[in-house]
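Student: If you're matching them up, the sequences are chains D and P in order. For the first sequence, the working numbering begins at 97 and goes up steadily by one. For the second sequence, the working numbering begins at 90 and goes up steadily by one.
Honestly, the hints are just simulated from the structure, not real lab data. Idealized CB from N, CA, C, for every residue including glycine. Incorrect hints may have been included.
Lysine-lysine pairs mimicking DSS-like chemistry, simulated, CA-CA at most 27 angstroms apart [what the hints assert, rightly or not]: (1) K432(D) <-> K489(P); (2) K258(P) <-> K397(D); (3) K397(D) <-> K573(D); (4) K899(P) <-> K511(P); (5) K437(D) <-> K458(P); (6) K390(P) <-> K660(P); (7) K573(D) <-> K173(P); (8) K573(D) <-> K258(P); (9) K458(P) <-> K579(P); (10) K579(P) <-> K836(P); (11) K334(P) <-> K458(P); (12) K728(P) <-> K685(P); (13) K390(P) <-> K685(P); (14) K173(P) <-> K637(D); (15) K685(P) <-> K712(P); (16) K173(P) <-> K160(P); (17) K160(P) <-> K116(P); (18) K974(D) <-> K228(D); (19) K390(P) <-> K712(P); (20) K160(P) <-> K432(D); (21) K687(P) <-> K389(P); (22) K397(D) <-> K432(D); (23) K121(D) <-> K146(D); (24) K937(D) <-> K974(D); (25) K507(D) <-> K228(D); (26) K220(P) <-> K573(D); (27) K819(D) <-> K837(D); (28) K489(P) <-> K437(D); (29) K432(D) <-> K140(P); (30) K152(D) <-> K197(D); (31) K637(D) <-> K507(D); (32) K432(D) <-> K458(P); (33) K907(P) <-> K274(P).
Okay, the calculated bits of chain D under chain P, using three or more residues with CB under 8 angstroms as the criterion [stated by the list, open to error]: (34) 419-431; (35) 560-574; (36) 605-618.
Residues per chain are reported as follows:
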Amino acid sequence: MTKLTIRSELDALRDQLTSSFDPDKRRIFVCMGTGCKACGGDEILDSLDKVLKEAKLDDQVEVVMTGCRGFCENGSLVAVRPQGTLYCRVSPDDVPDIVEKTVESGDVIERLLYEMPGSVEGSARHRISAEKEIPFYHHQMPIVLGMNDRINPTNIEDYIREGGYAGLAKALFDMSPDEIIDEVLRSGLRGRGGGGFPTGLKWKFCHAEDSETKYIICNADEGDPGAFMDRSLLEGNPHSMLEGLAISARAIGASHGYIYIRAEYPLAIERLRIAIGQMREWGVLGDNILGSDFSLGITIKEGAGAFVCGEETALIASIEGNRGMPMPRPPFPAVKGLFGKPTNINNVETLGTVPHIITGGAVAYAAQGTDKSKGTKIFSLVGQVNNTGLVEVPMGMSLRELVYEVGGGVKDGRTLKAVQSGGPSGGCIPASMMHLPIDYESLAQAGAIMGSGGLVVMDETTCMVDLARYFVSFTEKESCGKCVPCRLGTRQMRMILDDICEGRGTEDSIAKLEALGGAVSKGSLCGLGQTAPNPVLTTIKYFRDEYLAHVHEKRCPAGVCEPMFIATCTNRCPGDVDVPAYLSLVAEGRNEEALLSHMERNPFPSMCARVCPHPCEKQCRRETVDSPVAIRAVKRFMVDASTEISVPVMDRPSDEQRRAAVVGAGPAGLTAAYFLRRLGHAVTVFESMPEPGGMLRYGIPTYRLPREELERDIERITSMGVKIICGAVIGETHSIETLRKDFDAIFIGSGAWADMSMGIPGEEGCGVASGIEFLKKTELEPTIPISGNAVVIGGGNTAMDAARTLMRLGASSVTVVYRRTREEMPVQPEEVTEALEEGIKFEFLVAPVEVIRNGNNSVVAIKLQQMRLGDFDDSGRKRPVPIEGNFVELPAEHIIRAIGQKAIIPNGGPSASKWGTVDVDNFTLATDFDGVFAGGDVVLGPATAVEAVAHGRRAAEAIERYLHPDMIAHFPWIKPRSLDTTFDPTAAPLEAPRCETPKREPQVRRSCFDEVEQSLSAEDARLEASRCLRCDFGKTFVSREEVKPC
Amino acid sequence: MLNVSINSLPVTVEEGRTVLDACRAAKVYVPTLCDDPSLEPYGACRLCIVKVDGMRGLPTACTTPAADGMKITTDDNEILEVRKWTTQLLLSDHPLDCLTCGQCGTCGLQEVAEYLGIRERVLQPMMREGKIDDSNPCYSINMNKCILCGLCVRACDEIQQIGAIDLSKRGYESAVEPFGGGPIKDSFCESCGECVERCPTGALITRNFLKPEREVSTVCPYCGTGCRIMLGARGETVVSARGDKDAHVSQGRLCVKGRFGSYEFVSHPDRLKTPLIRSGDGFREASWEEALALVASELKKYRGDTFGGLASAKVTNEDNYVFQKFVRAVMGTNNVDHCARLCHSSTVAGLRMAFGSGAMTNPIEDFLKADVILVTGSNTTENHPIIGLTIREAVANGTKLVLFDPRQIQLSQIATVWARQKPGTDVAWINGLLHVIIRDGLMKTEFIESRTEGFEDVEKLVAEYTPERVSEITGLPADIIVEAAHLYAKAERASIVYSMGITQHTTGVDNVRSLANLAMITGHIGRPGTGVNPLRGQNNVQGACDMAALPNFYPGYQLVDSADIRAKFSKAWGVETPETPGLMVTKMFPAVLEGKIKAMYIMGENPVLSDADVTHVEEALEKLDFLVVQDIFMTETAKFADVVLPATSYAERDGTYVNTERRVQLTKPVVAPPGSARRDLEIICDIAAAIGYPMTYESTSDVNDEMRSLTPSYTGISHARLEAGEQLHWPCLSDDHPGTPILHSEKFARGLGLFHPIEFIAADEETDASFPIILTTGRMLEHYHTGTMTRRSKALDGLVPGPFVEVNDKDAINIDVKDGDRVTVTSRRGSIVLPARVADRVDRGVVFIPFHFWEAAANVLTNPASDPTAGIPEFKVCSVRMERAPELN
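From just these sequences and the hints, can you work out the full model?
Tutor: Structure representation (structure tokens):
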């Protein structure tokens, strides 16, 4: 190496490096970013050396260490080129295989390939081999990070070979400082540190200052939790930032640069030092760079980890050796900055972008992005997302695309709740706003900020109140303490959030948070304080109901705020059933007590033991040991094993007793009736159908819910004195007005019985029926024979129930037609499995376009449009898009459409929302009619039975408060529990695998309506119940008895 | 000027002012808790938020520069809402114990909360468990009341330039603490109280604080800087002190003595309240009639040169004028002197010889204009703290400091050059500087030729003083001499500052004249930022000299042995005044021992502690036939008296004081004298009348008028002009003369400046095998002179309760002494025992003892050998030995 003393030597060196570089040579690229290094990067390098040597391949195969490739979730990453295979989660042990199979034979090692999250084993998109095809990389646009995957960050020659320092040479010899600034201005580059101030303008201001000494500072004090953009760029390609720094220095007239980097980034600092040393050696740093009149020195200044030192005036104070505290601006650093001299401060990413703009030109750069936000932005994508890592995408990409395409969607198939952008000063953007394009203005409008590019993905297991508390406690700790609103305001907000999370909050707490948050943003000195309330204000704005649940109901819907619940399973249960209580009672063989405990909160144990989607099991902490407790199976045993029990009715003075009417004898209505009756009121249920049970009876086939089991549940309710009048249609046989006169309060639980039409030709007429219509008919006339081919359209529970019923009724073939793929089906996955076992066929990615009828107007086939998956929609599923001109026909005599149901509001009933459901207060379920409440499907739309049960109880409580506004409501089912089961908290968890529910053989069950699921044996049930880890043990929590009427 | 509008009200402000300044100019109240006009804007309390048309958000008025045409709104609902929440936040973090809080009523937080109409705390209290630091006897720190406005930290840094306290930790944990977090008493804190003064809440508060009923501006009773204090009183008790922000000299700043030690002694129970007459070994109380009659009848016996009087540098010009008039006109002798003899008599003599006037040539504020300040023999930051601050401020602004001092004083930390010469070798190094300046052609030839005479003799003499030779004498490296010479000579404006380290030598006059040579050779005199500036040590030592409490002058340095002048005074006073100059104080006590002086009148002096070789002073006082002591406390000297007369303190009288820069300042009484104490001049007038020379004055102003009529340099300095706020430096030759802040600007007082060739002469007493160590004495920050006032302040006495000797750590090892161990220090004249402070403040072979403490009086040891011209004793050099003292039981 000789020092480059004139520009032409740089060009000559690059030519020489390029010509001696054989692109077809076999190379193994090992990622050595901090993440991959931590996963064994060094060992992999050593092992590769050794194995290649042993295989005598070391002269034919080059091993290259690179900087961070962003896909840290899957580290260590090893790429084999030129074939372009990327291996994920490589361990040093995998090295011999890689060398033997891939390098020597060109084979792909399946197990090391990237696995698509949520994809089914064996499907085409399950494992991906080519690096470029992996959606994570495929949707990125790596301009700044572009070189990270192919250069060795400790070798300046790699950088020069890839075009490095050409920008600096151009800026030194072909452009005047004004021209450089102009170019950057025209590129539209804005500060990537978060402020988004136009970079060129910043330079211009500093350039305009008349001073002999000026400084340029690179802000590498990346302090946001979970953000590592700057770090990865510095570790992976330090020269791009350094070149940008030199160009900026040239433009503004600075002769010394500082890099302010946090000491917690040792690898980045080490690579920067190497890079700066090499710059000096090669002559691109120091006096008279490349023979020009431009000289530059660079000093690395290690910060001590104060978050506030990312703020530029605090950063300057820190470099000067003072306490890192922000100063009011003006004067701006461009006028009076470091040591009182004009200073330009840019973030790492900003400076890293500059060489591309100078080399490639402003126009090319500005071609990317949106009108006001140009180019690309690097994000660190973290949280509950499948592909966490570092991504560079063009500005203007939608949040949805970023989360689902690049990020591979939410982990473990859960639902996206919100995205938090901009670090602790950012804001939360709810799932409903995922269409927002990522640019400075859109994010700001949503109440968030771009920040330095941290993006945290959150699902339903994140409590937004707790999240706000987390971020505020971060800013509280990191506040420099100088100004009052930030120092005390963040603390006070955190204290209020503590109150809310710990059950002491009131509605006033929320109001105070909003008022304080506003004052802190407006009153604080620097950006830290001004933005600190963002997480609080945005979560209140978008998730107020969650706050209200905390303050009104002392409930944390996400199951995060520990003092709010006794166990996560119970918290997740819509019916609030005390799961650990009945599990531990069953474990001791006390089945009746267990059942009574269940009945306290949910009067449908038999039904729930069979058809409940058991969200409790999803939250079961036993999963962290092996797999969740089979809660529903235990409950099934409990119900089967118990003899009848009776629930006491409150002995109430007659002057407190009231009369309540319930419309609809479904799960919501009967539950409301049950609890109102327990409170001692007289309850009459009006049911339009001949028998009570609602959708449980007319919508769920008997092989899932035998009628005698349903009747056991109903029987318990009627035996308490609830009167059910069947065949009474409200709005026809009885008017709402009369009911309001005759009763003191009314609960409407009329359900969602209306079906939705497909709106295609041939739909009307014989041979086509709706799923709900079909199931109802089957219930009324259990023996209608079916023959021929049947097609069921839809992917939900009703579709599956209809299909399996058709099969049992004798259809020669049953095909379920769904417009997306199996992965997107809303039905419980085990139902699909069971259906497949029973011989039901599935056609995916097809949508009905016409029912084909013959001359007799009989259905003969259905014409289907073939679909492909397009963009993601708000639900996080890919939208089906028609493939033009591709149709298929499926022979069918029976077509069942099961694509959705709508609520039925009784004639003359309360007002409807825009979704056609009854409009109610979220907490009291009160309608706009005084004394009239509503719940279940008529409010929720088609939902689960247990949600209907939950609504029934909530309504009963609200009705009691309505009926006795002056009394302190007292509900016997909300009382401090006393559980006398034995439990040894010091013992190790019982070692036993999950006990699955036994099922009838498919061949048997496909032709009869006998119940599919069977009961556990007593021994199995007790063992299974004993697997419960008893998270509730010894726990104190906020009693909901304290809940004040709202 | 900028035109801005505040709430649609037009107002003009100067360029460079802030929006807050504009609001204040418009008399619009904007709440703020962290702003102080003397400090840089900070922007932390966020209460002064306003709206400015065209600006985003709510900028703080204190940090936003005013701009022409700005439209500012100071309160609207949004602004008030944010201010209310901000204040609520402060209240949520504040103990609401206002009833028992010392700051109640003057609390800034209270004021803001009241203004905003806040009547309840709506946020939950944060229950801070802040540190309470009561380690400093002057003030306490209660972090529970701290609002972190940073005023204290900034005052300590920006005003005091100490940085003893800083903000530590982050976020809510932020606290004001000394570095390292220990107790404040172990920090660099100088207890100046600038922080306490500014604290808007009770977080920093004077210990045992009492709120005054009324406040009066007075001149601080300590050093010669002339800071003004707002003394606060309740009834006739002085209870508080704070800086007078309107004072020209001090601008509100005070040192620890001024702020915490200036009031307690005034109302101290030890004050003398009635005349006392010796009775056996003790005293009995007597009526004024009896006491005055006794004094008059006794003094009558000693008229003429058997009488000697000591005046005081602590009383007003008027008291001193009357005293010396009494000695001369009534007692018929010029045997009058005062303690200036012990501090700056060499200055008065030396500078008079060289320039024709023996006072500081330039005002204090000139130090800020100097490019180089040469400080020697002055521990400015301790002995003249506010002047020290000015020097520190100048250095912070870029002035270079050249320091010649044997001790490692605070200024040595900020000096560009610190030369640590051996005590008593000043003439040598000054000659060395002159040598280098001449050798390197750095002298101002034109100035020398046009303004001075006698240069050639100096040139010839200093040729011998090569840096190498000087190095041998002084122990200084030769290159330091060259560097110092170059810095001083090459400066555009360079100022010399000196004090006792130069004057208290047998060669004191030589030292002073050498410095004069230095100023003249470089032309650094007669212009702003230059000059030869002796810093005077007592609040009216300049005035006492000016008033001729000196044996050889009449007021205004009019020579006693000038027939014309004597005639003028004889005529004015109506008696024949004595012809021959009298005895200096250093000659009076030997004269007593010789039997020449038989009676003395000592007003406000304590020679038993302050004079060199006090054993001899005690012997002399014992021998006197009659001694009257007039003072405010029963001093060590008063104990020898036949009659003790109770006098007034500075807080109880009016009159004028002259500070070190010749500025005459008028003060008013704050309280009435205790008991039957009377002011000095009244007592003397009564005695004079009793002896048969009636002296009657209607008022202090009358005394001043008589003095002015006889003293040309004071002619224009009337009480009326001073009362009107005029700042007058003498000479002020007529009623419309503006005074003379800078002396010798056109020509020297004596015409041409006179160079004196001075050979180096070693100190009177050199070290030898028996007395191998050099003792140097002086003052310290927390105490003053013989401690009669400062040791009666709980604050000051708490800070430094007793004597000590500074010993170099290596010397300490030799005698097996650790910090705090007691040592015996012995000179040829006596021996004292006191604890050692072991550090590197003094060089090897040198010890330092402050002379404030009677328990171990440094002047037991000092050498009475004195300068032949000025009579000043060699306090700064004598030879001692030191050994470990026996353990106390």
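Student: Decide, hint by hint, whether the structure agrees.
Tutor: Each hint tested on the structure:
Distance restraint check for K432(D) and K489(P): the Cα-Cα separation of roughly 25 angstroms lies within the 27 angstroms cut-off, and the hinted pair is therefore satisfied. Straight-line distance between C-alpha atoms of K258(P) and K397(D) comes to about 21 angstroms, which keeps the hinted pair within the 27 angstroms bound. In summary, the hint linking K397(D) to K573(D) is supported, as the alpha carbons are separated by about 23 angstroms, within the 27 angstroms threshold. At most 27 angstroms may separate the alpha-carbon atoms for a hinted pair to count; K899(P) and K511(P) meet this at roughly 17 angstroms.
Distance check on the hinted pair: K437(D) and K458(P) sit about 24 angstroms apart at the alpha-carbon level, within 27 angstroms; holds. With a CA separation close to 25 angstroms, the supplied pair K390(P) and K660(P) stays within the 27 angstroms bound. Between the alpha carbons of K573(D) and K173(P) the distance comes to roughly 24 angstroms, so the proposed pair stays at or under 27 angstroms and holds. Among the hinted pairs, K573(D) with K258(P) is consistent with the structure: their alpha-carbon atoms are about 10 angstroms apart, no more than 27 angstroms.
Between the alpha carbons of K458(P) and K579(P) the distance comes to roughly 15 angstroms, so the proposed pair stays at or under 27 angstroms and holds. A C-alpha spacing of about 23 angstroms is found between K579(P) and K836(P), which places the hinted pair at or below 27 angstroms, so the restraint holds. Among the hinted pairs, K334(P) with K458(P) is consistent with the structure: their alpha-carbon atoms are about 22 angstroms apart, no more than 27 angstroms. Pair hint K728(P) plus K685(P) holds up; C-alpha atoms about 22 angstroms apart against a cutoff of 27 angstroms.
Simply put, K390(P) and K685(P) have alpha-carbon atoms about 14 angstroms apart, close enough for the 27 angstroms limit, and the pair holds. Distance check on the hinted pair: K173(P) and K637(D) sit about 23 angstroms apart at the alpha-carbon level, within 27 angstroms; holds. With a CA separation close to 11 angstroms, the supplied pair K685(P) and K712(P) stays within the 27 angstroms bound. As the CA atoms of K173(P) and K160(P) are separated by approximately 23 angstroms, the hinted pair is consistent with the 27 angstroms bound.
Restraint check: the Cα-Cα separation between K160(P) and K116(P) comes to about 16 angstroms, which is no more than 27 angstroms; the hinted pair holds. Among the hinted pairs, K974(D) with K228(D) is consistent with the structure: their alpha-carbon atoms are about 21 angstroms apart, no more than 27 angstroms. The hinted pair formed by K390(P) and K712(P) meets the criterion: a straight-line CA distance of about 16 angstroms does not exceed 27 angstroms. Between K160(P) and K432(D), the direct Cα distance comes to roughly 25 angstroms. Compliance with the 27 angstroms bound is thereby established for this hinted pair.
With a C-alpha separation of about 12 angstroms, the suggested pairing of K687(P) with K389(P) holds against the 27 angstroms cut-off. A distance of roughly 20 angstroms separates the Cα atoms of K397(D) and K432(D); the hinted pair therefore holds under the 27 angstroms criterion. A hinted pair counts as satisfied when its Cα atoms are at most 27 angstroms apart, and K121(D) with K146(D) qualifies at roughly 19 angstroms. Taking the CA atoms of K937(D) and K974(D), the gap is about 22 angstroms. The hint holds against a cut of 27 angstroms.
The hinted pair formed by K507(D) and K228(D) meets the criterion: a straight-line CA distance of about 22 angstroms does not exceed 27 angstroms. Simply put, K220(P) and K573(D) have alpha-carbon atoms about 19 angstroms apart, close enough for the 27 angstroms limit, and the pair holds. Straight-line distance between C-alpha atoms of K819(D) and K837(D) comes to about 18 angstroms, which keeps the hinted pair within the 27 angstroms bound. Distance restraint check for K489(P) and K437(D): the Cα-Cα separation of roughly 23 angstroms lies within the 27 angstroms cut-off, and the hinted pair is therefore satisfied.
A hinted pair counts as satisfied when its Cα atoms are at most 27 angstroms apart, and K432(D) with K140(P) qualifies at roughly 24 angstroms. Taking the CA atoms of K152(D) and K197(D), the gap is near 15 angstroms; set against the 27 angstroms cutoff, the hint holds. In summary, the hint linking K637(D) to K507(D) is supported, as the alpha carbons are separated by about 25 angstroms, within the 27 angstroms threshold. Between K432(D) and K458(P) the alpha-carbon distance is near 25 angstroms, which keeps this suggested pair within the 27 angstroms criterion.
Restraint check for K907(P) and K274(P): the C-alpha separation of about 21 angstroms stays at or below 27 angstroms, so the hint holds. Here the stretch 419-431 of chain D counts 5 residues with a CB under 8 angstroms from a CB of chain P, which clears the bar of 3, and the coverage holds. Coverage of the stretch 560-574 of chain D by chain P holds. Counting CB-CB distances below 8 angstroms, 3 residues qualify, and the rule asks for three or more. With a threshold of 8 angstroms between beta carbons, the proposed coverage of the stretch 605-618 of chain D by chain P holds, since 7 of its residues qualify and at least three are required.
Against the hints set out earlier in the document, no violation occurs for any number.
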